[in-house]
Amino acid sequence: MLELKKMTKMLGDKLVLRNITLSLEKGEILAVIGPNGAGKSTFFKCTVGLLEPTSGEIYLDGSLVKKNSPQVKQRIGFLGHESFLYNNLSPLENLKFYGKLYKVKDLDRKANELLKEVGLYLFRDMPIRSFSRGMMQRLAIARVLLPDPDILMLDEPHTGLDQEAVTLLNNIIKNKRYSGTSILIISHDFEQVHALADRVAVLRKGKIVSTRRLGEEVSLAEMKTWYEAEVKSS
Amino acid sequence: MISILKDAWTIASKDLSNEIKTKQTIGMMVIFSSLVVLIFSFAFDPTNNMVKAVIPGLVWLITVFSGILGLNRSFLSEHENDTLTGLRSAPIDPSSIYLGKVLANFILVTAVQLVSIPVLFLLFDYRFFGKVSWFILVVIIGTLGFIIVGTFLAALSANAKNSEMLLPVLLLPLLSPLLIAGVQATRIILENEMIADAASWIRLMAAYDLLFLAACFFLFEFIMEGS
Numbered sequence: 001m002l003e004l005k006k007m008t009k010m011l012g013d014k015l016v017l018r019n020i021t022l023s024l025e026k027g028e029i030l031a032v033i034g035p036n037g038a039g040k041s042t043f044f045k046c047t048v049g050l051l052e053p054t055s056g057e058i059y060l061d062g063s064l065v066k067k068n069s070p071q072v073k074q075r076i077g078f079l080g081h082e083s084f085l086y087n088n089l090s091p092l093e094n095l096k097f098y099g100k101l102y103k104v105k106d107l108d109r110k111a112n113e114l115l116k117e118v119g120l121y122l123f124r125d126m127p128i129r130s131f132s133r134g135m136m137q138r139l140a141i142a143r144v145l146l147p148d149p150d151i152l153m154l155d156e157p158h159t160g161l162d163q164e165a166v167t168l169l170n171n172i173i174k175n176k177r178y179s180g181t182s183i184l185i186i187s188h189d190f191e192q193v194h195a196l197a198d199r200v201a202v203l204r205k206g207k208i209v210s211t212r213r214l215g216e217e218v219s220l221a222e223m224k225t226w227y228e229a230e231v232k233s234s
Numbered sequence: 001m002i003s004i005l006k007d008a009w010t011i012a013s014k015d016l017s018n019e020i021k022t023k024q025t026i027g028m029m030v031i032f033s034s035l036v037v038l039i040f041s042f043a044f045d046p047t048n049n050m051v052k053a054v055i056p057g058l059v060w061l062i063t064v065f066s067g068i069l070g071l072n073r074s075f076l077s078e079h080e081n082d083t084l085t086g087l088r089s090a091p092i093d094p095s096s097i098y099l100g101k102v103l104a105n106f107i108l109v110t111a112v113q114l115v116s117i118p119v120l121f122l123l124f125d126y127r128f129f130g131k132v133s134w135f136i137l138v139v140i141i142g143t144l145g146f147i148i149v150g151t152f153l154a155a156l157s158a159n160a161k162n163s164e165m166l167l168p169v170l171l172l173p174l175l176s177p178l179l180i181a182g183v184q185a186t187r188i189i190l191e192n193e194m195i196a197d198a199a200s201w202i203r204l205m206a207a208y209d210l211l212f213l214a215a216c217f218f219l220f221e222f223i224m225e226g227s
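In the order they appear, the protein sequences are chains A and B. Start counting the first sequence at 1; every next residue gets the next number (my numbering). Start counting the second sequence at 1; every next residue gets the next number (my numbering).
FYI, nobody ran anything at the bench for these hints, they're computed from the structure. Built from N, CA and C at the ideal position, the CB exists for glycine as well.
Which chain B residues face chain A? A few, computed with CB under 7 angstroms, are given here:
#1 Thr22
#2 Asn81
#3 Asp82
#4 Thr83
#5 Gly86
#6 Ser89
#7 Pro91
#8 Ile92
When you get a sec, could you build the whole thing from the sequences and use the hints?
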């Protein structure tokens with residue numbers, strides 16, 4: 001579904017991403033893990049179209065992705081480090097604003113349903129400036145799900161969530177996978193990566209050094225040992 | 001193009017509804033422009049004929065300096081929760097972000113002018129003999145030009161460390177032709193001279209608006225890439 005071919009990115013004179021070749025299949029959850037400064041966020045920004053790769057190509061369903069293409073952005077739901085939400089607006093107003101930009105049909109019903117799903121329906125008319133980090137993250141997740149994207153790109157999605165919200169998010173991610181949505185996750189949380197991902201890729205110094213398919217036969221401890229060995233050896 | 005305009009209106013109405021709730025920027029702009037008018041009304045003797053010569057300049061002085069306060073906020077407010085990245089990752093043309101901001105800033109500055117210009121005439125005891133419709137036309141064209149260039153430079157300077165200081169330094173030299181034309185056209189209209197004399201200044205302002213609107217519209221995408 002999504003294919004990156006020999007993608008490199010230079011920021012100033014620093015080579016941040018080196019020849020990244022990676023593919024994401026329909027209905028697959030791929031986790032990208034790596035140490036701090038490995039280039040994970042830049043990798044995400046290039047894939048979403050916020051940064052233009054210095055070289056290499058990105059294909060979506062076989063067609064070349066052009067810079068700033070609204071058609072591509074319509075199909076990608078991007079959950080970043082920050083919530084991208086307006087503090088002076090209420091959850092409902094925030095969702096309606098983004099819904100209009102994403103041309104979501106039946107916006108009112110969908111926004112209210114999503115607020116119920118993430119447990120914020122009772123707070124729907126309150127300005128979000130007083131929300132906790134966890135509530136903001138729940139709303140940010142609702143924002144990403146609003147246009148029903150084909151690909152979900154989640155950058156540290158579990159940050160700031162309590163146990164109940166983690167379970168809720170994991171259920172949402174699994175349901176989306178079953179309905180055919182492809183999901184790319186960046187995370188430092190090995191437990192969640194192990195619980196969710198079908199495949200893991202290790203990014204180190206801007207390079208994909210290894211990928212591994214996860215299954216029930218791979219334990220969390222085994223995955224951690226593999227990651228540490230890959231990071232050290234490369 | 002219709003889609004760009006629709007998205008621009010969505011962004012502008014979000015900014016305006018934010019402003020209606022907080023009243024932060026418009027409050028600051030109205031207070032600032034009223035203070036400037038008040039100070040100048042004490043500095044110049046309203047009975048003196050010199051006042052007539054000062055009024056056209058004052059109209060543009062309060063517009064530009066109070067407007068800069070609002071322009072500074074328009075992109076800095078998008079840094080909170082990195083909402084600018086949220087807009088950039090949405091399936092919209094980057095120029096619709098620019099047009100939306102232009103629209104919102106224009107409405108804000110016009111609202112401030114609706115308060116400050118009548119107060120200016122009132123405190124200076126100025127009797128208006130000119131044609132109101134021409135005066136409004138000049139104010140609209142001039143304000144639009146100021147907002148077109150100002151919004152673009154506000155986006156450009158928003159990533160700088162001292163953006164509040166950088167914006168006026170970049171903006172004021174670029175505004176000189178527009179302000180000279182604006183002051184001249186306003187003076188001719190307020191003094192009830194021949195409208196034909198003001199026409200060339202109005203044409204210059206309109207050309208300035210069109211030229212900078214086209215340039216900023218197409219260049220905005222490149223500014224966004226760096227944010």
